[in-house]
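Novice: Let chain A serve as the given structure and place chain B on it in line with the hints.
Number of protein chains: 2
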Amino acid sequence: MSPRQSPTRTRATAKSMAAQQREISVSEFFTKNRHLLGFDSPTKALLTTIKEAVDNSLDACEEAGILPTLEVEIQAVSDQRYRVIVTDNGPGIVKKQVPRIFGKLLYGSKFHRLRQSRGQQGIGISAAGMYGQLTTAKPIVIESRISRRKPAHRYELVIDTLKNEPVIKKDLEVEWEAAHGTRVEIELEGSYKRGRHGVGTYLRQTALANPHVEIRFLGPNEEEPVVHKRATQELPIEALEIKPHPYGVEVGLLMRMLKHTRARRLSSFFRTEFSRVGPTVAKRLIEGAGLPLTASPRRVSAERAEQLIEQIKEARIPAPPTNCLSPIGEERILASLGEQIDADFYAALSRPPSVYRGNPFQVEVGLAFGGEMAADDLIALYRFANRVPLLYQQGACALTRSVLGTNWKAYGLQQGRGALPAGPMILMVHIASVWVPFTSESKEAVAGYDEILRELRLAFQGIGRKLSTHIRHERKRRDADRKHAYIEKYIPHIGIALKEILELSDRQEKQVVDTLSGTLARSRKM
Amino acid sequence: MSPRQSPTRTRATAKSMAAQQREISVSEFFTKNRHLLGFDSPTKALLTTIKEAVDNSLDACEEAGILPTLEVEIQAVSDQRYRVIVTDNGPGIVKKQVPRIFGKLLYGSKFHRLRQSRGQQGIGISAAGMYGQLTTAKPIVIESRISRRKPAHRYELVIDTLKNEPVIKKDLEVEWEAAHGTRVEIELEGSYKRGRHGVGTYLRQTALANPHVEIRFLGPNEEEPVVHKRATQELPIEALEIKPHPYGVEVGLLMRMLKHTRARRLSSFFRTEFSRVGPTVAKRLIEGAGLPLTASPRRVSAERAEQLIEQIKEARIPAPPTNCLSPIGEERILASLGEQIDADFYAALSRPPSVYRGNPFQVEVGLAFGGEMAADDLIALYRFANRVPLLYQQGACALTRSVLGTNWKAYGLQQGRGALPAGPMILMVHIASVWVPFTSESKEAVAGYDEILRELRLAFQGIGRKLSTHIRHERKRRDADRKHAYIEKYIPHIGIALKEILELSDRQEKQVVDTLSGTLARSRKM
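Just so you know, the protein sequences line up as chains A and B, in that order. The first sequence begins at 1 in this note's numbering and counts up by one. The second sequence begins at 1001 in this note's numbering and counts up by one.
This is chain A alone, in the form it adopts within the complex (with noise of 0.2 Å):
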């Protein structure tokens, strides 16, 4: 090891470069790194600003029992220049709770719990209240009613990025004519555009995802709002809360697990924080790692965590409560299915609940075929996790990955190498988990873990099977079609020519034309 100075120059050394160092403020990181956000373009940004605040009411709703009805309005301030604004029927959101939520990285109630939600970082509308603030030195506002008992209340709030914590601007007690519910509002630089990307899909591949929400939407500049309508009156099923699976935990979480439990024995540790394990099961871990039952969970050494890590891994322990999931189901894939897409053909399937790193997933896909949609062109992908559409970044998604590795031509579709089959037909594919892997924090694409992968490939083989059903059907009914139509068209001709050959009278002829039409008809029943 023999370092060599280069002699021309005088650079940092141990001690200059320690100067530099500094703490970064979780704020700062991702206003420079909006990108992990989804705020790296213009148009993106404003689509994301809407599906932050979405997500949370939709959440709220679902959360408190309520069906949403929830109304998104875009107002052009100026050409790059858009105020969001959403409001929603749900609980409302306590005063003092308000600024944290949304002006402050990082807060929230869904990261510590293991249940289906759509949001779950704790991140996303106050990234979109501070893109908003860094773009037009806006405020977010909130106006936020919980009860009749109670006034609404009206927030503007900054944050301050180098704290990564709230800056009161305004506090007041507003009028709100329902019982409850919450209405935010953004100011930020953006671009309005329609198609693949745009608001508009977002919305509309939500209300195929949510049959019971109701979505009024009123664009910049437009007169009337487009509204989708509920198409159910119920509730999903309820995604309750579960404890972790032992199977998905390391021996640093358990360590730390171990710390902080409130338990004050080995035994009662292991029952009280996990998922699936009961008296025996915990016994035979505890003992197994040779620790006694009423173990103080504190003095559990990182070597004694380790065996009981070991003991997990060898035990044969059930999978996790299911519960916690709410998928949305084949029979509302089918209802949403045919009430938004004009097709010949439907199905769906949905896959058992199933497990990656002590998470339960599961996997849903459906199917719209033939109808006016073009044959030629390539099929349509509608990606959703937790219910919700995923509009950009397909290529870099785990559940695209999967379409494309599934040989579609087996089923009766055109398919080119790595390529989406082609084919008039639209491909729903739905993951529900209690902790959806995004490949970032802006969760637009899904990471690859191979359980997941798995489940994929298994539903789009299934639902592959039911397509397949139905395009051999149709090609024999058209095969025996044409048949019949040649068929047909010569019969009259039969009747001359034995006409001719058997000097029949025309009533003869006639009777044979009916006897030989009447046969095939009854054959085109069978």
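These aren't lab readings, by the way, just hints derived from the structure by calculation. As the structure is a prediction and not an experimental result, all values here were calculated from the model. Where hints are given, some of them may not hold.
As the list claims (entries may be wrong) - Below, a list of computed lysine-lysine pairs in the DSBU-like style, where the Cα atoms sit at most 35 Å apart:
1. Lys1095(B) with Lys15(A)
2. Lys169(A) with Lys1095(B)
3. Lys1313(B) with Lys1283(B)
4. Lys1313(B) with Lys15(A)
Specialist: Positioned in the frame of chain A, the structure of chain B alone reads:
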């Protein structure tokens, strides 16, 4: 707005939901989102750990003007567990900074500075330590020495993930032969694989893009290290720190800068806090926004700040200085490729620096063509960002998309639609920037900002033309060779024929054959 309450359920209220709201520590966030940092599979976890340590070592050496000599060692603890040890001859790290640099996420010296470096986020090495701790419960071990006058010190650290703060487990003095350097040791669950995504590939490509670096790599269960020798004794051009350029500043950031500047007057604020703003430009901006030159920066209102931004947009301000960049350079790319790859033809092209969102960046490309490489395979694409090889997420990367979007058929290669071209070629592409916009914290793929895509396109077109000239010449030469070989073969027969027709003597026949051969040989030289 008529909220419907589902009668059979008693769900959450605003109050019960408020009780669930909590702060999320950045360490917890990344523990759960480990795939964002490149720890989603055991193979990748091992590579990412080495990459983060190597990046830091190279940055520190270069900043201190030291030619880097690195030792990378991987010890197999078991099948699924490895110990990674990276030792450098860098300047060392001041003792009191060690705990936070290695035991706290979002802490570092590079985030706030506008100059090209491998690290930029203040996350990498502490995340690697955290991952090790999570999977093995072992601390990260750091030894460092900053000069002969001071002893080396050794720290063993873990992260308190709930607080994102380091916890010191051991702190002692140790022996260290050299005058300065740093050694990092992390034990983690991982998987060691050779091949395209392996550590060997990563280090080989690192040597390719960093010809001034010497790396010795001892793999698990290997007797002898693989040594990548230094190809040059010259350090890269030093990248200097620059101030932000006005074009990259939005109103929110401007407000923050106005609030925190030490300048007392707007005129000095603009001159001292920005690149490329002299007195004349400053005057035009400030007076254009209707403010006096002597106005206090702290007192500028949001409205005036917006007017300043408008003025900036309309002003013609020179592009930012580019001495913050340290490209590899065409000459060194050619030398590196020539050193490592056996080929018939080499080319390199460095584009001039350009700017996206106020950030200077520069694109460089190089290629090696022919030789023993297989002609039927797709080309090999080597991607680099700030001299760091990118081995994962090739499909999600703007560098790749730009190769796919180039029409290589025009330059003489085969290419399927939407695919890499095929041919006996290695193509390397390097983006150097003060802030590379990665698509995730794991820094595996570059986001597609328009300006970057444009520069990439021009670079590939430029090098494509060089390649095409070579391929055309080669083809011409081969055609000519074939033709000559053909003629050569028939010269003796011509001799025999002429001999018979003209009744030549043997001597005359030989003369004719020699003359024809001589003419052919002369024509070949033309």
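Novice: What hint numbers does the structure not satisfy?
Specialist: 2 and 4
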